[in-house]
Amino acid sequence: MAFFQAQRDAQAQLMDTAARMRGRSLWKDAAERFARNKAAMTGVVVLSIIALMSVIGPMISPHTLEDLAWDAIGLPPTFENSHWFGTDDTGRDMWVLTWTGARVSLTIGIMTTVIALSIGVIYGATAGYVGGRIDNAMMRFVDVIYALPLLFFIIILVTVFGRNIYLVFVAIGCVEWLTMARIVRGQTLSVKRKEYIEAALAAGVRTPTIVKRHVIPNVIGPVIVYVTLLVPTNILVESYLSFLGLGVQEPLTSWGVLISRGSNALETTPWLLLIPATCLALTMFCFNFIGDGLRDALDPKDR
Amino acid sequence: MLSYALKRLGIAAPTMFVVVSLSFFLMHLAPGGPFDADANLEPQVIENLKAAYDLDKPLIQQYAIYVGKVFKGDFGPSIIYQDRTVSQLIATGLPVSLRVGLSAILIAALIGISLGITAALNQNKPTDYVVMAAAMTGIAVPSFVLAPLMTLIFGVLLQMLPIATLEPSGSFARNFPALAPITPYILPVIALAIPQIAVISRLTRGAMIEVLRQNYIRTARAKGLKEQRVVWRHALQAGLLPVVSYLGPAIAGIVTGAVVVESIFQLPGMGRFFIQGAINRDYPLVLGIVIIFAGAIIMMNLIVDMLYGLLDPKVKLDA
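Order-wise, the sequence lines are chains Z and H.
If you want the numbering used here, it's the position in the first sequence, counting the first as 1, plus 1.
If you want the numbering used here, it's the position in the second sequence, counting the first as 1, plus 6.
Please note: incorrect hints may appear among the correct ones.
Restraint ranges, calculated between C-beta atoms of paired labels, are given here [stated by the list, open to error]: (1) H:A139 - Z:T65: 34 to 42 Å; (2) Z:V212 - H:N221: 31 to 39 Å; (3) H:K131 - Z:K29: 29 to 37 Å; (4) H:L317 - Z:A11: 51 to 59 Å.
For the record, the hints were derived by calculation from the structure and aren't laboratory data.
Virtual Cβ for every residue (Gly too), placed ideally from N, Cα, C.
Can you make the complete structure from the sequences, with help from the hints?
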């Protein structure tokens with residue numbers, strides 16, 4: 002009896018330890034690794050500030066988007082008159098313009114990524130899950146579109162169907178889902194045949210639980226990383242379009258529009274280019290650092 | 007290898023067909039047409055103009071006529087550049103774009119790979135950090151910001167290089183007369199190459215670090231090979247694979263980047279014709295340029311894939 006008692010004690014102790022160890026989930030692990038990454042955390046902080054300013058920035062200033070200060074045209078950044086970022090060649094306040102542009106650029110980056118994410122995940126997961134001939138056909142189609150000069154199609158779309166901002170969303174989103182579809186398909190395929198899925202099946206775990214506990218955590222890592230890299234890519238695509246005069250139209254503004262206008266008068270009023278360009282570059286830095294940090298945190302190879 | 011190339015060309019044909027059809031219907035299905043801007047034209051004149059460009063016929067018939075012409079190598083007349091055919095415009099624009107694009111991709115590959123190897127060999131040392139910080143900056147600062155800045159510094163302030171012209175001028179051309187003909191291309195090529203240099207150097211660094219940890223590299227070192235031979239002969243072959251497979255997207259990126267860079271530096275290349283054509287609804291011009299660019303991208307991808315097959319013994323192209 003003493004033997005069984007000892008065994009039971011040992012078992013209880015084991016259960017106890019297991020219970021105490023439960024707190025360390027996959028995600029908590031990744032979050033801790035991410036929080037230790039200084040570059041990535043700096044990225045999060047700076048990006049939050051930019052996002053916050055894009056919301057409250059225009060409200061802080063006494064000026065509005067429509068104000069044309071005829072007595073202060075082409076003013077360099079100054080504390081006088083509260084033109085903190087100066088004014089442009091029509092006397093509009095650059096502080097208000099820059100943060101309104103931030104609002105538009107960030108919205109476009111996020112919205113287009115959401116569109117690309119939805120199409121890509123549905124398409125890729127279907128192809129990977131169904132497999133066989135359908136998978137083959139679906140991915141061959143992706144290969145075909147992949148070979149096309151996609152920016153050209155966006156340009157044709159926006160020039161031909163009028164230049165409104167929603168069309169820019171849809172055009173970029175509909176074109177940028179290809180890589181997402183490839184990533185999701187590859188992940189789904191590789192996870193589908195993993196031993197731990199088989200083991201879970203053999204142990205009688207039900208399908209929704211398998212999907213929730215085993216499939217999603219293993220598929221979603223690369224997707225999250227790619228999303229953080231797709232947002233800046235799409236912000237850049239929009240800036241390209243706006244720079245060419247094909248994206249966001251005045252009086253609405255975006256960083257691309259501001260950079261385009263600023264680069265025309267670089268000699269006399271350099272801040273018109275430098276301020277929005279710095280904001281854009283900072284945002285690119287932040288997203289890339291966050292993306293790199295997430296990759297390091299979520300990459301199963303490093304565990 | 008040959009059968010693989012033929013098979014790929016077999017896929018390229020339907021791809022081109024998709025490109026032509028997609029762009030044709032995208033442009034024609036939208037409301038409006040190329041003569042909308044000329045509001046003061048008589049209705050009868052517009053009718054005649056439309057008839058001259060076959061725009062009065064049903065869409066399907068226009069499509070059939072267009073595809074038939076393209077098969078014979080005829081892209082039709084341009085609408086905005088009167089008296090010029092699209093083929094003539096392409097003949098003037100393509101050499102400029104090719105010169106800029108090919109130089110940019112060559113420079114990007116050479117500098118990017120060298121920087122990546124340098125960083126990998128000095129992993130976590132100051133050199134590595136400097137290279138990677140520079141690469142990050144190259145990714146974060148887009149070409150349409152770099153280009154105006156470079157124009158201001160080297161063109162306007164230092165008067166070193168010509169801007170917005172294909173005529174050589176500036177102090178650089180005077181001091182090095184032998185290099186004068188390339189001076190108009192220096193700034194556009196740099197603006198186009200920098201983002202790709204950044205990506206390629208990051209890729210090379212990552213791949214080389216991975217390869218240098220492999221057992222066969224340790225074996226090569228253990229049997230007493232010189233470090234140079236280990237790096238250049240053993241590590242580089244495997245380390246370059248991700249770079250080679252990135253060259254496909256890089257070429258597509260440079261082709262599309264050229265649109266912006268040509269606009270900024272006002273080079274008379276394909277990109278400028280494309281933008282002008284798209285804005286003014288010059289159907290034949292836009293379609294012709296899309297066909298040429300898509301064809302170029304498909305061909306370059308084929309070359310890249312065959313190069314990959316040569317470099318990676320694990321890849322069998324005939325399969």
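To see whether the hints hold, each was checked on the structure:
Taken as a hint, the range 34 to 42 Å holds for the pair H:A139 and Z:T65, whose Cβ atoms sit roughly 39 Å apart. Between Z:V212 and H:N221 the CB atoms are about 38 Å apart, so this pair conforms to the stated range of 31 to 39 Å. A hinted range of 29 to 37 Å for the beta carbons of H:K131 and Z:K29 is consistent with their spacing of about 34 Å. Between H:L317 and Z:A11 the Cβ separation comes to about 57 Å, which falls inside the hinted range of 51 to 59 Å.
When held up to the earlier numbered hints, the structure conflicts with none and fits them all.
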